[in-house]
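Asks: So the protein sequences, as listed, match chains A and B. Position 24 of the first sequence, counted from 1, bears residue number 24 in the numbering used here, the numbering being contiguous throughout. Position 163 of the second sequence, counted from 1, bears residue number 163 in the numbering used here, the numbering being contiguous throughout.
It is possible that some hints are incorrect.
Once the Cα atoms are required to be at most 35 Å apart in a straight line, the calculated DSBU-like pairs of lysine-lysine come out as [said to hold, decoys possible]: (1) A/K101 with B/K146; (2) B/K146 with A/K62; (3) B/K286 with B/K5; (4) B/K75 with B/K114; (5) B/K146 with B/K31; (6) B/K5 with B/K15; (7) B/K146 with A/K131; (8) B/K25 with B/K179; (9) A/K101 with A/K131.
Residues from chain A shown here face chain B by an in silico Cβ test under 8 Å; the list is partial [said to hold, decoys possible]: (10) S12; (11) D30; (12) T46; (13) T79.
Hints listed in this document are in silico derivations from the structure and should not be mistaken for laboratory results. Where a beta carbon is used, it is the ideal one built from N, C-alpha and C, also for glycine.
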Amino acid sequence: MADGRVDFELVSPEALLLSEEVEMVVVPGDEGDFGVLPGHAPMISTIRAGVIHVFAGGSVQKRIFVAGGFAEVTPERCTVLAEEAMVVGEIDRDAVEQELKDLSEDADDAADETEREISRARLQVARAKLKAIEEPLYQ
Amino acid sequence: MPSLKELRVRITSVKSTQRITSAMKMVAAAKLRRAQERAEEARPFAERMERVLAAVASSVTDGAGAPPLLAGTGKEQTHLIVLVSSDRGLCGGFNTNLVRFVRKHARQLIREGKTVQLFCVGRKGYGQLRGEFGDNVIEVREDVTKPAPSFGPARDIAMQLASMYEDGAFDVCTVVYNKFVSVMTQNVTPLQLIPFAIEDTKDGAGAVATPAGRAVYEYEPSEEEILAELLPRNLAVQMYRAILESFASEQASRMTAMDNATRNAGDLINELTMNYNRTRQAFITKELIEIISGAEAL
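Next comes chain A alone, as it looks inside the complex (with noise of 0.2 Å):
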């Protein structure tokens, strides 16, 4: 595409987070990361929880914490449905922290099969937040 932009857009349930005009979003998919330039093939696929890293100039401009949900991409635009997104810069590592042992704790006094699923799935996501601070992909 000649101007080399994606729109991209990004919707939680409670409000519209970020929508403008970007070169590029490499969106944590659930059967891998995949990249969205400008005529990507259309196609909508699950995420999974991880960063959303915004490009601009050939670098990452923003990293974006999500927590799950979808995403939709058309030749030009892209849209994602997050259930939860936070900047990656904002999110407290001490919270994170205090979460990832909370949690590995309820895991393990769950009493029944549903709620250590539950449980294993939102220690899935605390995990996740956490790699997003530590590991920074896309230097």
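Given the coordinates of chain A, work out where chain B should sit on it, guided by the hints.
Replies: Showing chain B alone in chain A's frame:
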């Protein structure tokens, strides 16, 4: 004729009532503004969700094997009605209108030989339905909008509904709530959650696919898996929307009701003050006449 003292007491009491109602009106007005903003902020997500869901649903419904949340259980025996009412009273006809609708609907279903179950969100709706349908109420949720309506509780309700549906507890689920139209008007609106209303998706899919003439989406993982994740989430989003609309309606309804109450109290105060002054004047005149006629008698 009430004595001067009695009138004075009544005037003071009406005045303090007026102070309370006017304060409640102000609070409701402030909350209404926030609630309206929230409802508007939630709209983009719901719209995009619908777009994605319509695209996926249209490609799956063509083939067999659509999940039950979309296709239904094939029966219509047990109906679950989720009513979204308020936790607090003093909001005019808000809860009464809602309950009237639900009662009519439930009676009709029972007459048709269906089983009716009720899921009450908000204390007031339950309070009014307990008398007639106490045995049908399966769950009551309170304080879902406390301190402010948020997505979390809506998701919890949706997850519970989905798991009940999987267990076969009901066949059709409808949520009934007050839809916010304007400050003066709120409409009681039923919305079928389960099975997902397919007419809408077909229209929506047509609108998305035709004008752009765009290639069909690729799905990662498969359509079925995406749909299996999307449908419960859509449930949560619809529930959240219903709660937001209902919350805005509640505030609007309370604001109008309290405005009326304040005005009525004002009228009452005027009337009582007039009465008070007249009585006081009558007493003075009576005393004067007594003194004058006493002096004349001498």
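Asks: Under 8 Å, Cβ to Cβ, is where A/D30 needs to be relative to chain B, so tell me if that hint holds or is violated.
Replies: holds (6 Å)
Asks: Hint validation: A/T79 versus chain B, beta carbon distance must be below 8 Å. Holds or violated?
Replies: holds (5 Å)
Asks: For the pair supplied as a hint, B/K25 and B/K179, is the alpha-carbon distance within the 35 Å limit?
Replies: Holds. B/K25 to B/K179 sits at ~20 Å (cutoff 35 Å).
Asks: Holds or violated: B/K5 with B/K15, Cα cutoff 35 Å?
Replies: Holds. B/K5 to B/K15 sits at ~15 Å (cutoff 35 Å).
Asks: Compare the distance between the alpha carbons of B/K146 and A/K62 with 35 Å, and conclude whether the hinted pair is satisfied.
Replies: holds (33 Å)
Asks: For the pair supplied as a hint, A/K101 and A/K131, confirm whether the alpha-carbon distance does not exceed 35 Å.
Replies: Distance of about 15 Å is within 35 Å: holds.
Asks: Sort out whether B/K114 lies within 35 Å of B/K75, counting only the CA atoms.
Replies: holds (11 Å)
Asks: Under the criterion that the straight-line Cα-Cα distance not exceed 35 Å, is the pair B/K146, A/K131 satisfied?
Replies: Given pair B/K146, A/K131 holds - Cα atoms ~33 Å apart, limit 35 Å.
Asks: Under the criterion of a CB-CB separation shorter than 8 Å, is A/T46 in contact with chain B as hinted?
Replies: At about 6 Å, which falls below the 8 Å cut-off, the nearest Cβ of chain B leaves the hint on A/T46 intact, so it holds.
Asks: When you check the alpha-carbon spacing of B/K146 and B/K31, does it fall within 35 Å?
Replies: holds (12 Å)
Asks: Do the alpha carbons of A/K101 and B/K146 lie within 35 Å of each other, as the hint requires?
Replies: holds (28 Å)
Asks: Holds or violated: the hint that A/S12 contacts chain B, with Cβ atoms closer than 8 Å.
Replies: OK, holds: A/S12 within 8 Å of chain B, min 6 Å.
Comparing the model with each earlier hint shows no violations; every hint is respected.
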